[in-house]
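The lines below spell out each chain.
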Amino acid sequence: MRNLWNFIVQYQVILVFMVLQALALSWFISSRGYPKGKWVRLALDWESAWQGQISEWSHRAELSDQNFQLLEENARLRSRMGQSSVSHFKNRSQFIAAEVIRATWTQNQNHFVLDQGENNGVQIGQGVIANGAAIGKIIETTQKYSIGIPLIHNQLDWSARIGNSGAIGRLKWEGGDRTTGMLFDIPRSAAFKPGDSVITTGFQGVFPPDILFGTVANEEPYFDGEFLNVPVQWAAEFQSLRYVHLTDTNDGADIDSLEGTFNHSAP
Amino acid sequence: MNPALLIPLQLLLTCALQVLFFQNMALWEGYGILTFHTLGILLLPLNTRPIILMFVSATVGAVVDLFAFGGGLFTSSAVAMGLFLPFINRLLAPREGYEVTDEPSIKSMGIQWFSIRTIAALLIHNLWMFSLEAGRWNLILSGWGKAVTSTLLCWLLFTVVLQLVQAKGKKR
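So the protein sequences, as listed, match chains L and S.
Going letter by letter, the first sequence gives residues 546 to 812 in this note's numbering.
Going letter by letter, the second sequence gives residues 376 to 547 in this note's numbering.
All the pointers check out, no bait thrown in.
20 Å max Cα-Cα, derived SDA-like pairs, lysine to any residue:
id, chain 1, residue 1, chain 2, residue 2
1, L, Lys717, S, Arg511
2, L, Lys583, S, Leu441
3, L, Lys717, S, Gly510
4, L, Lys689, L, Gly597
5, L, Lys581, S, Leu441
6, L, Lys717, L, Pro732
7, L, Lys583, S, Thr434
8, L, Lys717, S, Asn513
9, L, Lys583, S, Ala437
10, L, Lys717, L, Met727
11, S, Lys482, S, Leu419
12, L, Lys738, L, Tyr767
13, L, Lys689, S, Leu395
14, L, Lys717, S, Ile515
15, L, Lys581, S, Ala437
16, S, Lys482, S, Gly472
17, L, Lys689, S, Leu441
18, L, Lys717, S, Leu514
19, L, Lys717, S, Trp512
The set of hints was computed from the structure by calculation and includes no laboratory data.
Chain L on its own, in the form it takes in the complex (with noise of 0.2 Å):
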């Protein structure tokens, strides 16, 4: 026991640090960019007023005020293509319009935060566009604003498609590169070419489907045993991103019941 306590105390530095790390790494591995839970909530709620506060002074001088009529126009004509029966999105989505008070896009799991919370019917799960173009989605969401992480962060992967009949990967963007992600495990045999689209499936719930990710980028695919990996280009400037839209295709939650009860009854 005595020896014991002469190991605390002359090792007392070490350890204290070891606990230190051990709690902060912890936290890190347990959460790896993906910013949800209470102190979240809590922290997104002291902070957004501020930042949206910010991002009022900055912009005011920028019509933001004429930007968010037509944003909200633009969000309205899209619900109403929406209920369209010759539309692609086949009576499902809705479109929330919101604008972005605050960002990381330099980081290797970068996050965004809305203007738009539960008040105005933001859920968690909710996919995020920006001029057609397939964003992030939305992971934490209080009252009044929403944490989303957007397609570049390196620790998600994305249902998608070449082109509208065209072969299904498995779409990530491996950090680096702000500009281009890589499209997996696409067959040998698929046909494609440098500019075709790349766009959602609609199997994750997350957007509804044919909303466009990118291109297929001007470079030569990567061979990885029986399947290609293809460059793709972003359709989206995320760091020139202000105003967005939220959709919900009211799916993912059936999706997730689907999968849940896969999982229960798998052996």
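Start from chain L and add chain S according to the hints.
Only chain S this time, still in chain L's reference frame:
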């Protein structure tokens, strides 16, 4: 001002400025990230006990993590810096040791001492932070590049801020 008041005030102010302003600044495509809260840790008295230094660093880092949605990244980096800061202080100590009245500022210790200490401590903080943040081996090198450039930018910022805030005094 009474040091018992000044120290918490410095920590609070640097944290607040980081959370409210500097966390939104990412210059040069992510190669210029400012961590202003580390100035509060660097300005802690030279005779602060290493364990206290680490606990204060952890608290400061956790506050920034909470508001910057860092998820422990800033806490871990600040604790790493807190571990090495006493060693850096010891390496840079004058031959006769530090005097009771010495403060870790440009005014008290001179620009050369302040610059070496600040750059060394920030390098540890930023190398730790960007290596963790990279998350992949192929991104480590660009992470280290970001650590070096961000360190130099922070050092420049801290020097300017301290020169503006603190009156010019006699160097050691």
